[in-house]
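Below are the chains, spelled out letter by letter.
2 protein chains.
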Amino acid sequence: MKLTVAEENYIKSIYKLQDGSTAVNTNAIAYELDTKPASVTDMAKKLKEKRLIDYEKYQGITLTTEGRKLALQIVRRHRLWECFLVEKLSFSWDEVHEIAEELEHVGSEKLVNRLSEFLGNPTTDPHGDPIPDAQGKISKSKQLVSLDKATTRRLEVAGVSDQSSALLEFLHAKGVKLGTQIDVIERYEFDNSVEIKIKNQPAFTISEQVSKTIMVKPL
Amino acid sequence: MKLTVAEENYIKSIYKLQDGSTAVNTNAIAYELDTKPASVTDMAKKLKEKRLIDYEKYQGITLTTEGRKLALQIVRRHRLWECFLVEKLSFSWDEVHEIAEELEHVGSEKLVNRLSEFLGNPTTDPHGDPIPDAQGKISKSKQLVSLDKATTRRLEVAGVSDQSSALLEFLHAKGVKLGTQIDVIERYEFDNSVEIKIKNQPAFTISEQVSKTIMVKPL
DNA sequence: ATTATTATTTAGATTTGTCTAAATTATATT
DNA sequence: AATATAATTTAGACAAATCTAAATAATAAT
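Sequence order for the protein chains is A and B.
Take the first sequence: its letter number 19 is residue 196 in my numbering, and every next letter is one higher.
Take the second sequence: its letter number 131 is residue 308 in my numbering, and every next letter is one higher.
If you're looking for bench data, these hints aren't it; they were derived computationally from the structure.
All figures in this text were calculated on a predicted structure; none of them were measured in a lab.
Each hint should be verified, as a subset may be incorrect.
Since the list gives no way to pick out one identical chain from another, each pair is judged satisfied if it fits inside one copy or across any two copies.
Said to hold, decoys possible - Straight-line distance between alpha carbons at most 25 Å, and here's what the computed SDA-like set of lysine to any residue pairs gives:
#1 K354 to R291
#2 K179 to L266
#3 K287 to E346
#4 K351 to Q340
Whenever a hint applies, use it, and build me the whole structure from the sequences.
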C-alpha cells in the first residue's frame, strides 16, 4: 500500500500516541501534527476507508494490524536515517529529527534495508529508541526510567521521550547526550526539580518537566 | 526560497531542456514531466510570479539567474545521492535514478554539504555527469563524445545521456558501466549501428539510437 | 437532572496541482 | 495570402489536504 506523506504522518502520530491499546482522541492527534481537529476527522475517514485504522464517530482511533505494520516501517525509516545522520554525517543528537522527518517518507524497501545493513543493522537510534527490524519486530522498548523516577545517584542517559528542538538544544548545550553519565546532586521536593552534574561541568538544575523526558539507565 | 516538490521538478526539467540559451517550449516540458501542456502553462505563471523563470505567452520559458541557481542546487542534491547509493549502499548504476529523484527534494543545505563531504566531495556522479559545488559551480560538462561520433577504436564509457531505466538495464545486462573499456569492432553504414566488444564478453551490436546516448572518452 | 464545558463532527470554502475540451496564436504549406 | 497544422492558452472542473464557523455529542459540575 502506497501512502501520501500526509497519511504517513497521521499513521505515525497515531502509533506514537496509541501507547498500549488506548484509543487516541482527535484533539491529541491535531496537537501532535499541528493541525485542526476537523482535519483529523477528515483524514480519519480516509484512513478507515483504507482499513489502516479502526474509527467510529466520537469513539477515538486505533490502528489496525495493517496500520501498525505501516507505522513500524515508517518508524524504522525515521530512526535509521537518524543513525545515519549522527554516525556518518556527524550531525549532533539534537539536529537530526527534522531532517529524518523528511527522509522517512522516501519509500523504497530496498533503500531502507541497504541503509540498515550499511549502518550495521543498529537496534537503537541516537535518542535510545529501538529500531524495528525489516519484519516490524521491535524490542519491547527500553526498560528505562525517566529521570524524575530514578532512585540511584549515578545514572546514564539512554534517551529522551520528547523530540522538540528546544529541549534537545538545551540538553546539547549542557553537554547532556546519549551515554552521558549523570550524578544526581539533590532533588528538591517543593517543585520536584533535580540538581544534576556531569563530569567536568558545573552542576545545574532541571525542572520536573524536563526530568520526566530524560530516560536513564541506573549504573 | 522554499519550493514545493512540483515546483522543483519543473525547475529541474527546464534546466535540463534549456541547453545553452534556447527557450524551452511547453510541450517539451509536459513530455519530460509526463503531464499535459495546460498544466505547464499553469505552473509557468506561478514560477514567473516567483521570478524563477522568464515567460511571456507563446514565447517559451527560460530560467532566471535565481531559477538557474535553484536548478543547480537540485541537480547537486540528485547527483550526490546517486553517488551515495552506488558507492555506499552498493546499488547498481541503473537502479539509482528513481530513488535519487525522491531524495533530491529533501532541502536541508547542511545535509547536502555534509553528504558531499562524507563522499569526499565527488565531482561526477555514477553516470559521469558533473556535480555542481555548494556555490553552484559546475565543470563545463564532460568534454566527451557520444559513441556514434567517436573516431578512435578503443574507448572508455564515461556516461549516458539518457536516464531511462530500460536503457540502463540493457547496458547493465551487457556489462557496460562507467569506466568500462570498449573496442569498436565495426560500424555499419547502412543503419549506423555499431558492433562493440568488452573484455571477456562476446561482441554485440547496438543501434544508432543507443550509440548516441553513450558518452565516451577516447583512450 | 440540568447546565456548562469540552470534544468532535459537519458544512462550506480555500489552495495546490492537475485535468479535459474549447479557443486562440504561431508556424508551415500550398 | 489563404489555409492547414501544430503549439499554446483559457475556462471550468476535480481531488487532496487543509481551514473556519456552526452544529452536535460526550463529559463534568453543580
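Hint check:
In this assembly of identical chains, K354 and R291 lie within 25 Å of each other by CA distance solely across copies; the values are 21 Å between and 27 Å within a copy. Within a single copy, K179 and L266 get their C-alpha atoms only as close as 29 Å, which misses the 25 Å cut-off; across copies the closest is 23 Å, which meets it. Proximity of K287 and E346 under a CA criterion of 25 Å is satisfied inter-copy only: 17 Å between copies versus 33 Å inside one chain copy. For the identical chains of this complex, K351 and Q340 are intra-copy neighbours only, at 16 Å inside a copy versus 49 Å across copies, given an alpha-carbon limit of 25 Å.
Going down the numbered hints, you'll see the structure goes against none, and every one checks out.
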